Amino acid sequence: MLSDISALDLARLQFAFTVSAHIIFPAFTIGLASYLAVLNAMWLWTRDGAYLAVFEQWKTIFAVVFGMGVVSGVVMSYQFGTNWPVFADKVGPVLGPLIGYEVLTAFFLESGFLGIMLFGRKRVGEGLHMAATAIVAGGTLFSAFWILSVNSWMQTPQGYAVNAQGQYVPSDWLAIIFNPSFPYRFVHMVLAAYLTTAFVVGATGAWHLLKDNRNRGARIMFSMAMWMALIVTPIQLLAGDTQGLNTLQYQPAKIAAIEGHFETYPHGRAPLILVGMPDEATSTTNYALEIPLLGSLILTHSFDTPLIGLDAFPKQDRPPAAIIFWSFRLMVGVGVLMLILGLWSGLARLKGRLYDWPWLHRAAVVMGPAGFLAVLCGWITTEVGRQPFTVYGLLRTADSASALRADAVGSSLIAFVVIYFFVFGSGAFYALRLMSRTPEDRITIDEIGPTRTAGITPIAQTGA
Amino acid sequence: MVIDYAFIWAGLIAVAVLLYVLLDGFDLGIGILFPFLRDREERMLAMNTVAPVWDGNETWLVLGGGGLFAVFPLGYAIVMPALYPLIIAMLLGLIFRGVAFEFVHRTERMKFFWEVAFWGGSLVAAIAQGMALGTLVQGVTVAGRAYGGGNYDWATPFSLLTALALVVGYATLGATWLIMKTEGATLARARRMAKPLGFALLALIGAVSLATPLLRPEYLARWFGWPSGIYSAVVPLLLAGAAWMLWTGLRDGLTYRPFLATVAIFILSFVGLGISFYPHLIPPSVTIWEAAAPDASLAFLLVGAVVLVPMILAYTAYSYWVFRGKVQPGEGYH
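Protein sequence lines, in the order shown, are assigned to chains L and G.
Going left to right, the first sequence walks through residues 2 to 465 as the working numbering numbers them.
Going left to right, the second sequence walks through residues 2 to 335 as the working numbering numbers them.
The set of hints was computed from the structure by calculation and includes no laboratory data.
Since we're looking at a predicted model, the values are computed, not measured.
Backbone N, C-alpha and C fix where the C-beta goes; we use that ideal spot for every residue, glycine too.
One or more hints might be untrue.
Stated by the list, open to error - Pulled a few chain G residues facing chain L out of the computed Cβ check, cut under 7 Å:
id : residue
1  : Arg107
2  : Ser298
3  : Ala300
4  : Trp322
Let the hints inform the model, and build the full structure from the sequences given.
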């Protein structure tokens, strides 16, 4: 069965699977780390035990999810070499040091202070514990900075030269790190992580409000999350729009594929294709539902700027249009729903009914996983849109692997799939079960066992 | 003066790998020893002695992998395919081991399963790392700028021997770590386990040391030739000293000496491997200079490493200091 599929396809499938599974965890923990820092600061500032209870509940969830992020991330640091050895050899001199900086500035920082954040409040005191919590949050942002820089360089490479061995070597580090697409993509991803967390927290709060809308912890979670949804979602849509403009400038084929534009519009006036079925074989988007002129307005912010289509690129240089046409629409659709929920909550808050509208709370529960869906669709759009290159315009995906054996890659792929679904499925179940408790009732002796009963109450935790 | 960046980085990567082996070594060792602990309470206690630090310890492995990618991309590109099944097995083992730290406390019904996962994950990771070491020592076939060997070059009696040695070595680190971190019956059990483990470890180091020079003529010349033979004879002598410290530490019931002596045994074995390897990154054909990225890459990362690695060591030490001392049964970590 495996012999029908090429080793290259299996390697791509495996990498896509392991990296997609991984991004789910940082997308959540980047935002959650910052949220925990805010909650802990609120506790120290107000001395309101409700904040501490919410902090302690999400701290435990953070520990579960962060652990999964670590183990799936360690896999990634080796997948470059196991699956893409030629890529690793050729771009190692440019990208390796950036990943090195990620390890040195972010991973050690997070893991070094995580223990204190999780277990050390009593041992180091409130002040240093707050510092450790803030440092963990900072570490997650440093990590996002470097890995987005690495990925952005693969989209918009610059600041390099080619040596005698055919390796890409650095000529200007600032140009490499701050490559043209990096600032946009970094902002877009961090906001996405914050929104992902906000919608999970909001859904948890809403779930408890539906059962008891007087619960303090649930009110805190829901209110804070809905502020994020109201304020950050519009900013995110704006950030996405500017990233789109940037992509049009540097990767027009990706934009053309996203839009389903197989034809170039030399005088602008391109329509916006809302839905349709891009067909790469015939180079047409079938069953297209179009809004005239709007495509040009969104992409070029004008009516008559020429807009390039996929026909401007040889077929072997085009990204697969159908996949990213739809992944992009799914992402934007989810974003619009997030915006609507944010506005709805704003209306409820204006009327003083934030905790009293069950349909708002039900909608928030349904929207709990929205951030994950949007993040995955966004990454699929940008990564599949980079194809058929690993380094855009320079190194083809087909030339990035070597000496791969279909049986070895296939069997490890199966092992990854089975183990990831089992292990991370279990983890997701445990995380959901932790969320299903109210902050006040977050742990029972039954569940943690008799050996872990000391020091779980807020009073014992603070040493008061 | 010309700075030999590749040489400096070879040293730094070696230190990162050594730190990983030492730090995650006792974590993995505790996992390997899980079936030999008395009951669940004792197993949870043993796990709690490393719960606050295991994540930082594993980060040295990421630095080893990421650092290899950064400064020796050719080495990374050859080694990963050569060790493919071992790397995958190690990663999957570390997944089970890593999540078990949290998951075991999140369920009653599946608690036993995650305890088994903690043991199995630790054991598989240790075996895979030991076999990877053996595979590198026996030499990797290189064709052009890629791995040129077969699918099963890693499966040899020698790599099984190194795997056994590493498993026993990690278990010794784990047992002597427990001597430092526990009291009462657990401490007594850790002492009882450490003695046979220590003897077995020394016997296995001896077996690996005898087998290594026979694998390749270069190693034979390095260890028994003139004048390098004299130079490298110092290592076995120091090793004997460390073994004596381990023995006396266990015999006299000391708290710290057994662990520190085991650490010394690991460091000396590592130095011995370095003597065999040098100047190759991948024996027998790829030297550290051939595998290195251009100086512009090495210098750029070195600037950060010079500033950041001391800071990392400082706050890692701080974290160990915060969680210093004996761990009590029932100490509430979550």
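Hint check:
no.: 1; hint: Arg107; verdict: 4 Å, holds
no.: 2; hint: Ser298; verdict: 4 Å, holds
no.: 3; hint: Ala300; verdict: 9 Å, violated
no.: 4; hint: Trp322; verdict: 10 Å, violated
When each numbered hint is compared with the structure, violations occur for hints 3, 4.
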